[in-house]
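Position chain B relative to chain A; hints supplied.
Residue numbers (the working numbering), protein chains in the order written: chain A, 1 to 287; chain B, 1 to 120.
Keep in mind the hints are simulated off the structure, nothing from the lab. Since we're looking at a predicted model, the values are computed, not measured. Wrong hints could be hidden among the right ones.
Label pairs and their computed distance ranges (CB to CB) [as the list claims (entries may be wrong)]: (1) Arg91/A <-> Val109/B: 42 to 48 Å; (2) Arg77/B <-> Val37/A: 24 to 30 Å; (3) Thr63/A <-> Gln71/B: 22 to 28 Å; (4) Lys13/A <-> Phe102/B: 29 to 35 Å.
Note that CB positions come from ideal geometry on N, CA and C, so glycine has one too.
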Amino acid sequence: MSGPVLRKTVLKKTVLKNPQVREYLRMLDAATATLPVARSRELREQITAHLEEALPPDAGPGTIRVELWKLGHPRELAAEAGPVPASALIRLRNRLSRVRWRAWTSIGVVIVVAATVLTYVLLVGNVRPLFMDGISSWYFPRDSALSVETSAGTVTQYTVPERFGQQQGFVIGVENNSDWTQTIVGFGANWPPASMSSAEVAVGSGPAADSGGIDHDVRWDLPESIPPHSLRLLRVLWTSETCLGPGGDLLISDVPLRVRVGLFTRTVDLPLGITLALSGTKASSCQ
Amino acid sequence: MCDMGSDPGLTELRRGVLGPCVLALLDDRPRFGLELVRELAAAGGLLTSDGTVYPLLNRLRDAGLVTSEWQDEPGERARRYYFITSEGREQLKAFRADWTDFSATVTGVLFPGARKERSR
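If we strip away everything but chain A, and leave its shape as in the complex, we get:
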């Protein structure tokens, strides 16, 4: 015997639009949700055909209530239509098989998008951070001339006198050893220290800068991108505004930077590997 043939209702004016009837059919759908789809759809089609036949489109609430009562409670009909599958897995499968293809497509799209976003976030999050490449020097020749190198254990310190009220700074090599372009957009939080004003960070570009050198053609910009597997110079300038006094010093061993990778910007603490120090001078130098 061939299976049931379902038909769509094409009548425009129908009692099926009545709220009481719709609620009854909704309860019927819920009651038959664990049955095989074909069986529950067939029963629904039979019940809707019955109601359309039994009730005029403009049937009153009382007439509809009586007819629905005569039909029986949806749970009773569902029980007659077949036993609830004992296996939770089959019940779940029956429920899921009612989900229309549009819903499955939407779910699929959401999963793909979420997976793509998650993969992207994980990839960006695991991008190897910028690191100092060993090049380092005081930016102004006057400081370089007065720089004193001292070592204690594995730490090397380069100390210059603080030049109160004047611009000082340093240049370091920064390498991007990842497969992503990384763009330096500024200092990270809590930098520069309060003793420095007008601090600025910039990335050098130009033929000499791209190979780690400095000449008059180097252009300093921010934000500036460092392509994958490339070296660039990073310049940090500030105006020293704390009169450190004799014996006082200001140590710089790392520079926090805001670095954009893809769509995300993160703070990267860039260790210098050395310590740059400003030392105090006699008070008269602070005037």
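For chain B alone, kept in the frame of chain A given last:
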């Protein structure tokens, strides 16, 4: 339809005889769903509720005893008609024979006086 009470025993009895009753109606001529329901309801006491006829029809169809098809009559609403199959007719015939004997036996047990009176 709850005109016959909700005694579980009667419900089971109704459930047992409803299938053959549906087959008997369809043996007379094909009928659509509401038509069947109305006639069974009019017979009195056969239905616990109108809606349960439809799961029954589906079970009969699964068992190969009835078949159904949609029919579009001009000026009429499209209706799904149910037909008895040859297998359904065979089963109905067998049930009718069994029922005659069975109902006589049950009547005899339930009403012994009536049986003695009849035999006199």
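How the hints compare with the structure:
For Arg91/A and Val109/B, the hinted distance range of 42 to 48 Å is satisfied, since their beta carbons lie about 44 Å from each other. Evaluation of the 24 to 30 Å hint for Arg77/B and Val37/A yields a pass: the beta carbon distance comes to about 26 Å. One distance hint, 22 to 28 Å for the beta-carbon pair Thr63/A and Gln71/B, holds here, with the actual separation near 27 Å. Our hint of 29 to 35 Å for Lys13/A and Phe102/B is violated, since their Cβ atoms are close to 49 Å apart.
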